[in-house]
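Enquirer: Taken in order, these protein sequences are the chains called A and B.
Per my numbering, residue 7 is the first one in the first sequence, and the count goes up by one each step.
Per my numbering, residue 7 is the first one in the second sequence, and the count goes up by one each step.
Hints listed in this document are in silico derivations from the structure and should not be mistaken for laboratory results.
Any given hint might turn out to be false.
Pairs involving identical chains hold if they fit within one copy or between any two copies, as the list cannot separate such chains.
Under the rule of at most 25 angstroms between Cα atoms (straight-line distance), these lysine-lysine pairs were calculated in the PhoX-like manner [to be verified]: (1) 81 / 141; (2) 171 / 141; (3) 22 / 81; (4) 148 / 93; (5) 159 / 148; (6) 159 / 141; (7) 141 / 15; (8) 104 / 86; (9) 129 / 145; (10) 116 / 134; (11) 152 / 107; (12) 81 / 107; (13) 145 / 78; (14) 141 / 86; (15) 125 / 22; (16) 171 / 159; (17) 22 / 116; (18) 107 / 22; (19) 15 / 134; (20) 108 / 22; (21) 129 / 171; (22) 141 / 22; (23) 152 / 171; (24) 22 / 129; (25) 171 / 134.
2 protein chains.
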Amino acid sequence: MELAEGKLKFIEAWGKLGSEWGINRTMAQVHALLLVSADALTTEDIMSELNISRGNANMNLRDLIGWGLIEKQHKPGERKEYFFADKNTWNIARQVAKERKKRELDPIIKLLNELSEAKGDDKSRDFKTFKTTVKDINKLAKNVNKTLETMLKAEESWFWSSIFKIFK
Amino acid sequence: MELAEGKLKFIEAWGKLGSEWGINRTMAQVHALLLVSADALTTEDIMSELNISRGNANMNLRDLIGWGLIEKQHKPGERKEYFFADKNTWNIARQVAKERKKRELDPIIKLLNELSEAKGDDKSRDFKTFKTTVKDINKLAKNVNKTLETMLKAEESWFWSSIFKIFK
DNA sequence: CTAATCTTTCAAAAACTACTGAATAAACAA
DNA sequence: TTGTTTATTCAGTAGTTTTTGAAAGATTAG
Numbered sequence: 007m008e009l010a011e012g013k014l015k016f017i018e019a020w021g022k023l024g025s026e027w028g029i030n031r032t033m034a035q036v037h038a039l040l041l042v043s044a045d046a047l048t049t050e051d052i053m054s055e056l057n058i059s060r061g062n063a064n065m066n067l068r069d070l071i072g073w074g075l076i077e078k079q080h081k082p083g084e085r086k087e088y089f090f091a092d093k094n095t096w097n098i099a100r101q102v103a104k105e106r107k108k109r110e111l112d113p114i115i116k117l118l119n120e121l122s123e124a125k126g127d128d129k130s131r132d133f134k135t136f137k138t139t140v141k142d143i144n145k146l147a148k149n150v151n152k153t154l155e156t157m158l159k160a161e162e163s164w165f166w167s168s169i170f171k172i173f174k
Numbered sequence: 007m008e009l010a011e012g013k014l015k016f017i018e019a020w021g022k023l024g025s026e027w028g029i030n031r032t033m034a035q036v037h038a039l040l041l042v043s044a045d046a047l048t049t050e051d052i053m054s055e056l057n058i059s060r061g062n063a064n065m066n067l068r069d070l071i072g073w074g075l076i077e078k079q080h081k082p083g084e085r086k087e088y089f090f091a092d093k094n095t096w097n098i099a100r101q102v103a104k105e106r107k108k109r110e111l112d113p114i115i116k117l118l119n120e121l122s123e124a125k126g127d128d129k130s131r132d133f134k135t136f137k138t139t140v141k142d143i144n145k146l147a148k149n150v151n152k153t154l155e156t157m158l159k160a161e162e163s164w165f166w167s168s169i170f171k172i173f174k
């Protein structure tokens, strides 16, 4: 396989993976393109590599900045903006975990806490099932939360060696 | 908060969470409804609780069976089918992890292995970036893979107590 | 066998999400 | 200031995914 073909396959796969995890396919593709580009790219570069419009490129670039996955760069003497991706895989994983935790896990934990206060007939089978389900999911969510918090603070090598120490 | 209201909120939240993670909103809602129902429900029950059509209910019920999250039940003397969800949260988490690993992680690891064979000019900066990025993502993917494999085999209590022994 | 009941399928419609491209805004140079 | 270049916005369009509902298919009873 040649580099050019490999890049295309990587971009396609990253886009597909993103869309399977609720992330806009094009946004994931822009990210993939920047991940395999040694130099920072302009909006025009991205538009022509991925065959997308200016508006689409701009919107996804800004979203990627919002996720903390890419940054703008200004070259001296040039007016246009260049973009480059953080290539450190552990940083990427942490950044995604951090954003999704904030956007999704934190709100659901808040709701589960409220739901566990719900009142009802203690003899009703449905009520008991509701209570138990909410309680159990809450417990799981809090465990995931604690693990993520550790991961967000950790160094990659420490994190994995710790994991595998217990799984040996 | 009353039980009825709590159920509705739970169903809504579970549906939203699902859709944020690439799972059909209605499928997640059907799952949520079964999770908070003590007794098995018929297709009709689900149609009327969630205000969805027969076709939609049927399709999502079958998908949930495919994910291993719910099961059919037959009541003696009755012709219609009843559905109930496994309420064990750890089983749910494992089942989802297992399916997504099979559908998404395994294929991407296969591709990454192929991509790391790609040939190119060893002096090209783009080629070096490509190689490094692919190699690093591959390493991360394999670590996640190993961790998931351990999780799939593990008992809940063992898994979390092991995690927290290290991450305390 | 036929009738009754329940399940599954799938083409068409509806709903939703993403994309385009032209207009507008902003930044800078002269 | 005006002209030039680049960035942003957003209404309309295109594309995708989900849902409906009626028809076809199963299954069981008599």
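Enquirer: My question is about residue 171 and residue 141: at a cut-off of 25 angstroms on alpha-carbon distance, are they close within one copy, between copies, both, or neither?
Expert: between (30 angstroms within a copy, 23 angstroms between copies)
Enquirer: When no copy is named, should residue 22 and residue 116 be tagged within, between, both, or neither for a Cα gap of at most 25 angstroms?
Expert: between (31 angstroms within a copy, 15 angstroms between copies)
Enquirer: Please work out whether the CA atoms of residue 22 and residue 81 approach to 25 angstroms or closer within one copy, between two copies, in both situations, or in neither?
Expert: neither (32 angstroms within a copy, 42 angstroms between copies)
Enquirer: Evaluate residue 108 and residue 22 at a C-alpha cut-off of 25 angstroms and name the case that applies: within, between, both or neither.
Expert: both (24 angstroms within a copy, 15 angstroms between copies)
Enquirer: Within a copy, between copies, both or neither: where do residue 145 and residue 78 come within 25 angstroms Cα-Cα?
Expert: So residue 145 and residue 78 fail the 25 angstroms test inside a copy (40 angstroms) and across (28 angstroms) alike.
Enquirer: Evaluate residue 171 and residue 134 at a C-alpha cut-off of 25 angstroms and name the case that applies: within, between, both or neither.
Expert: neither (39 angstroms within a copy, 32 angstroms between copies)
Enquirer: Could you figure out if residue 22 and residue 129 sit no more than 25 angstroms apart (CA to CA) within one copy, between two copies, both or neither?
Expert: neither (48 angstroms within a copy, 30 angstroms between copies)
Enquirer: Using 25 angstroms as the alpha-carbon threshold, which applies to residue 171 and residue 159: within, between, both, or neither?
Expert: Answer is both; intra-copy 19 angstroms and inter-copy 16 angstroms each pass.
Enquirer: From the Cα coordinates, with 25 angstroms as the cut-off, is the pair residue 141 and residue 15 best called within, between, both, or neither?
Expert: between (44 angstroms within a copy, 15 angstroms between copies)
Enquirer: As a check of your reading, is residue 159 near residue 148 (CA-CA no more than 25 angstroms) within one copy, between copies, both or neither?
Expert: both (17 angstroms within a copy, 21 angstroms between copies)
Enquirer: Between the shortest in-copy and the shortest cross-copy C-alpha distance, which are at most 25 angstroms for residue 125 and residue 22: within, between, both, or neither?
Expert: Intra 44 angstroms, inter 24 angstroms, cutoff 25 angstroms: inter-copy only.
Enquirer: Regarding residue 129 and residue 145, is the shortest C-alpha distance of 25 angstroms or less found within a copy, between copies, in both, or in neither?
Expert: Within one copy only: 23 angstroms inside a chain, 52 angstroms across chains, cut-off 25 angstroms.
Taken one by one, the earlier hints fail for this structure at numbers 1, 3, 8, 12, 13, 14, 21, 24 and 25, listed in ascending order.
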